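Take these sequences, add in the hints, and give me the full structure.
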Amino acid sequence: MTSTVENTVGRPLGRIEGPAKVTGEALYAAEYPVKDVTYAWVVQSPVPRGTLNAVVVDPLTEDDDVLAVLWHGNAPGLEDAGDPELAVLQSDRISYRGQAVALVVARTLEAARRAALEVRLDIAAEPHDALLRADHPELYTPEKVNPDFPAESRIGDVDAALAAAPVTVDVRYETPALHNNPMEPHATIAVWEGDDLLLYDSNQHGPGVAGTVAAAFGLTPDRVHVINEHVGGGFGSKGTARPNAVLAALAAKVVGRPVKLALPRQALFSMVGYRTPTMQHIRLGAERDGRLTAVSHEAVEQTSQLFEFAEQTTTITRHMYAAANRYTGHKLVRLDVPTPRWMRAPGEAPGMVGLECAMDELAERLGLDPIELRVRNEPDAEPESGVPFSSRHYVECLREGARRFGWAGREHRPRLRREGDWLIGTGVAGASYPTMAQPSTARVTLGADGTASVAIAASDIGTGARTILTQIAADELGLPASDIRMRIGDSTLPMASVAGGSSGSASWGWAVTEACRELRRTGRSEVTFDTSELIAQQEKDGKHAFGAHFAEVRVDTVTGEVRVSRMLGVFAAGRILNPRTARSQFLGGMTMGMGMALHEEGVLDSRTGDWVNHDLAEYHVPVHADIENIEAVWLEEHDADVNPMGSKGIGEIGIVGSPAAIVNAVWHATGVRVRDLPVRLDKLLPHL
Amino acid sequence: MKTFEYTPATEIGEAVGALGPDAAFLAGGTNLVDLMKLGVATPDTLVDINRLPLRDVEELPGGGLRIGAGVRNSDLAAHPVVRRDFPVLSQALLAGASGQLRNMATTGGNLLQRTRCRYFMDMTKPCNKHEPGTGCPAREGDHRNLAILGASEHCVATHPSDMAVALAALDATVHVTGPVGDRTVLFGDLHRLPGDTPHIDTTLEHGELITGVDLPAPSRNSAYRKARDRASYAFAVGSVAAVLDTAEGRIENVRIAWGAVAHKPWRATRAEEALRGQAPTRENFLAAADAELAAAEPLRDNGFKLALLRNMTATVLEGLA
Ligand SMILES: Cc1cc2nc3c(=O)[nH]c(=O)nc-3n(C[C@H](O)[C@H](O)[C@H](O)COP(=O)(O)OP(=O)(O)OC[C@H]3O[C@@H](n4cnc5c(N)ncnc54)[C@H](O)[C@@H]3O)c2cc1C
Ligand code: SF4
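Chain order of the listed sequences is A and B.
Letter by letter, the first sequence follows residues 1 to 688 in this note's numbering.
Letter by letter, the second sequence follows residues 1001 to 1321 in this note's numbering.
For the record, the hints were derived by calculation from the structure and aren't laboratory data.
One or more of the hints may lead you astray.
Claimed, not checked - Okay, derived cross-link-like pairs now, DMTMM-like style, lysine to aspartate or glutamate, Cα gap no bigger than 20 angstroms in a straight line:
| id | chain 1 | residue 1 | chain 2 | residue 2 |
| --- | --- | --- | --- | --- |
| 1 | A | Lys331 | A | Asp170 |
| 2 | A | Lys144 | A | Asp541 |
| 3 | B | Lys1002 | B | Asp1044 |
| 4 | A | Lys331 | A | Asp129 |
| 5 | A | Lys35 | A | Asp65 |
| 6 | B | Lys1037 | A | Asp541 |
| 7 | A | Lys253 | A | Glu384 |
| 8 | B | Lys1037 | B | Asp1022 |
| 9 | B | Lys1037 | B | Asp1075 |
| 10 | B | Lys1037 | A | Asp83 |
| 11 | B | Lys1037 | A | Glu364 |
| 12 | A | Lys253 | A | Asp80 |
| 13 | A | Lys253 | A | Asp195 |
| 14 | B | Lys1002 | A | Glu229 |
| 15 | A | Lys683 | B | Asp1142 |
| 16 | B | Lys1002 | B | Asp1142 |
| 17 | A | Lys144 | A | Asp530 |
| 18 | B | Lys1037 | A | Glu110 |
| 19 | B | Lys1002 | A | Glu62 |
| 20 | A | Lys683 | B | Glu1005 |
| 21 | A | Lys21 | A | Asp195 |
| 22 | B | Lys1037 | A | Glu184 |
| 23 | B | Lys1037 | A | Asp65 |
| 24 | A | Lys540 | A | Asp530 |
| 25 | B | Lys1037 | B | Asp1048 |
| 26 | A | Lys21 | A | Asp615 |
| 27 | A | Lys253 | A | Asp65 |
| 28 | A | Lys21 | A | Glu31 |
| 29 | B | Lys1002 | A | Asp63 |
| 30 | B | Lys1002 | A | Glu110 |
| 31 | B | Lys1002 | A | Asp64 |
| 32 | B | Lys1037 | B | Glu1005 |
| 33 | B | Lys1002 | A | Asp65 |
| 34 | B | Lys1037 | A | Asp170 |
| 35 | B | Lys1002 | A | Glu118 |
| 36 | A | Lys35 | A | Glu110 |
| 37 | A | Lys683 | A | Glu618 |
Owing to the predicted nature of the structure, the values given are computational and were not obtained by experimental measurement.
Dropping the structure here:
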């Protein structure tokens, strides 16, 4: 093998599957042509709490096309798969509104849908509680928060330090329930071949889904084959098997034919996870020069009756800024609501709203440039663990952003810039996201013609993973990218970790790198490499990506409408493997951050226990017209400690801090601090 | 979705004749088909009116316009005479929905689109508009974008259209043909307030087909302004359509309509009265808006609409003065 081929890592390769996607050739889960397929439609609970006594099908409306109406009274039993949300149609207990209580299977989609409207549910409803309150009597501190952090951390004496501090901030910020809403809904086609199960399923982790569904049906994982070749987004909500996969498999078993189940948009709000609302209390104490003496960050959040999901909202505060006295904590309450789950940057995204808006409030108190305030609180090592950072270029991001954005000379007092009816302001906030890698296995095979084939059960959820892995393999083997055949999206390929935690490229790329290196080293024509041992030896603390967000907004004094004129994100996120796909990830995260700041909100009706704006006409995300000028840039960073590519995760950091930059800019424009997101005209108008 | 028959019609008489008691006219389908999927609308037959000869915009003697009921929102917004003589209408249309929706949406369908009240759009919820007497959960529930004017204890829904607000300010008339013949309805009489029959949106009888909308003489000095929760592709949380003519420093002619405040496009007649003959100043505009808003009865979460409408009305009129 020769290395005369130019490196492809670091170059803006277009997505390999791009042409297939734009021509419609790429197949998504529900699109596979499957012979004799039948269709399922979910019946969801109309009450948040109670007992389902019966599902009654009126014989008069019975339809020849309907094959089965499944509910706990007639559905086959399932084994415990470790996630109570997957114990579908197993019990009479109703734990939240929108829970799947029955499933109609029919020869046509129309018949399934029609029958689902017509079945009668005999339910004994019970009083419920779906409303998160900061003073809820049943709040408790969980043992751990996700993925495995202590719920609390305490260093020094925060209360004493706050009492002694010459300048303090004591504020509460709230973020609403947010819904992942990937473009492609959760969908599954289930096909039984004897005792073997084939699932075309839209998910972020084929092997994980295979293992979980196998467990539910009492099978060994190798009996379940999951194909997720193309996935239209997930934002965390497809990280594990969702009820659609189990329901489809269950139904296919009963009717003896393949079953297709694609959830309608409305069901995505309750059946597949969402980001918990948070109520945060942030207290900062500082010297007059801005040096923090105390940082306290507490979060109140919800989980369901079924499952304790503890969002790690304040853990990011453990490593952002230096301060001798520190407290972070989480309190949960179990409500009659669907179980919250992961949504892009779980923990970091809501947590940095609280922390970075509070930092802005502190800068205001001090009369200090908010960038300077952050720079003065730069720690030497992780403030709580004491572990040195493998690399940290936070200050450089702030400085570079300031230069590009034109921050110098900013008047830090609010409400001083006006153009016609518009008030104009700018804001800044920090960003950070943990750098992780998880064990994965890759197989590399050299062909007789000199090309190579690489196999790994990775999932490309639209991020460009397939392309990046191809680039990595090409460089390691010294081949042009066009000579690499990359096979992913199939659980029978060598085991890969989840497309989550911004760890896909790191985890899978690591396995691909090692497999290629071993192949070259040994001269063998096929090598399979498992990174489990390497990753087990790695120091986990001190590894983070950093960044800084800048926003310029204008607020219409006539209506209170907010428009974002400019957004800039500057990132130090290790080596950027592909600037084109990386830019998309950063911009996508920042756009979602704008949604979090200004638009997105699951509006709960606590009387019915559901989010009443459960479709994309009413649940607003930013549209093109909201994005005027948005830019993402990055610093050169190569962190050899994190993985052999020197890369850090980039899928989530864009949504971390960008909401705070916008909220801070709104204050700078108007002098109004809106502390409950989203910032909408009704919250601003009375104060303009 | 309930099974239904589909009947395309090519002639007006045929369409009206084909409409049975549980049938509905299908225009662009952008509202009706959504409601059918949700189970809110359950027609047994769709009479497709897209092939009727109702797709023209004609100039009338005296400078008015006759807009066919089948004219698409995009075509109407782009029509040169509309842009020149009725800018408020063009602006209102372009402020609505998205390009794709406007390409499908028709003049008739836009007028008859139903409320976006989130309980109405969900058949698992009680709602007096689904079935009178079942209750109005919006009143105590989610109503941030519902009515502040003309509502009743039975329903606080709003009419969601932008176009209709402009037509209200333009003194349009609506041509209707039905089983018992043709008639003309003044625009202000087309939509109803909810009262104790909130399930009835308009004064049309079942089976009556809108064939067109007439606009009287040009209103060149007119404008539309819409406030919304994102820059595009969002229904109004408040909107103002206004026409203003002044002579010798006095207001001669003023017509103001508000959107997203009531069960119908709201003609602000009290504000108009307060302004006629007055000087076109910001103070007078604000006072006029206040005169109209005196009757407002905001709910827990929509009181912000008072300040919104007040500000927008004054600003739009100032822009025209
Ligand atoms: C996501 C989304 C966002 C939107 N945003 C906006 C917005 O911002 N502003 C706005 O104004 N609108 C908005 N709309 C609504 C859109 O404007 C309407 O759906 C559209 O105008 C309806 O027209 P249509 O021709 O498709 O009507 P259809 O859906 O075909 O019909 C609507 C109703 O009118 C009846 N009908 C239609 N034509 C006639 C006729 N000639 N005579 C008698 N009855 C008739 C039908 O039977 C039906 O009951 C939005 C819609 C969607 C889905
Ligand atoms: S406001 Fe009207 S449409 Fe909405 S719930 Fe009440 S009755 Fe139904």
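Hint check:
no. : hint                    : result
1   : A:Lys331 <-> A:Asp170   : 18 angstroms, holds
2   : A:Lys144 <-> A:Asp541   : 17 angstroms, holds
3   : B:Lys1002 <-> B:Asp1044 : 8 angstroms, holds
4   : A:Lys331 <-> A:Asp129   : 17 angstroms, holds
5   : A:Lys35 <-> A:Asp65     : 17 angstroms, holds
6   : B:Lys1037 <-> A:Asp541  : 51 angstroms, violated
7   : A:Lys253 <-> A:Glu384   : 52 angstroms, violated
8   : B:Lys1037 <-> B:Asp1022 : 16 angstroms, holds
9   : B:Lys1037 <-> B:Asp1075 : 27 angstroms, violated
10  : B:Lys1037 <-> A:Asp83   : 32 angstroms, violated
11  : B:Lys1037 <-> A:Glu364  : 52 angstroms, violated
12  : A:Lys253 <-> A:Asp80    : 18 angstroms, holds
13  : A:Lys253 <-> A:Asp195   : 10 angstroms, holds
14  : B:Lys1002 <-> A:Glu229  : 35 angstroms, violated
15  : A:Lys683 <-> B:Asp1142  : 16 angstroms, holds
16  : B:Lys1002 <-> B:Asp1142 : 28 angstroms, violated
17  : A:Lys144 <-> A:Asp530   : 29 angstroms, violated
18  : B:Lys1037 <-> A:Glu110  : 10 angstroms, holds
19  : B:Lys1002 <-> A:Glu62   : 13 angstroms, holds
20  : A:Lys683 <-> B:Glu1005  : 48 angstroms, violated
21  : A:Lys21 <-> A:Asp195    : 33 angstroms, violated
22  : B:Lys1037 <-> A:Glu184  : 19 angstroms, holds
23  : B:Lys1037 <-> A:Asp65   : 19 angstroms, holds
24  : A:Lys540 <-> A:Asp530   : 19 angstroms, holds
25  : B:Lys1037 <-> B:Asp1048 : 17 angstroms, holds
26  : A:Lys21 <-> A:Asp615    : 25 angstroms, violated
27  : A:Lys253 <-> A:Asp65    : 18 angstroms, holds
28  : A:Lys21 <-> A:Glu31     : 13 angstroms, holds
29  : B:Lys1002 <-> A:Asp63   : 12 angstroms, holds
30  : B:Lys1002 <-> A:Glu110  : 8 angstroms, holds
31  : B:Lys1002 <-> A:Asp64   : 15 angstroms, holds
32  : B:Lys1037 <-> B:Glu1005 : 15 angstroms, holds
33  : B:Lys1002 <-> A:Asp65   : 14 angstroms, holds
34  : B:Lys1037 <-> A:Asp170  : 49 angstroms, violated
35  : B:Lys1002 <-> A:Glu118  : 10 angstroms, holds
36  : A:Lys35 <-> A:Glu110    : 18 angstroms, holds
37  : A:Lys683 <-> A:Glu618   : 18 angstroms, holds
Hint compliance for this structure: hints 6, 7, 9, 10, 11, 14, 16, 17, 20, 21, 26 and 34 are not met, and every other hint is.
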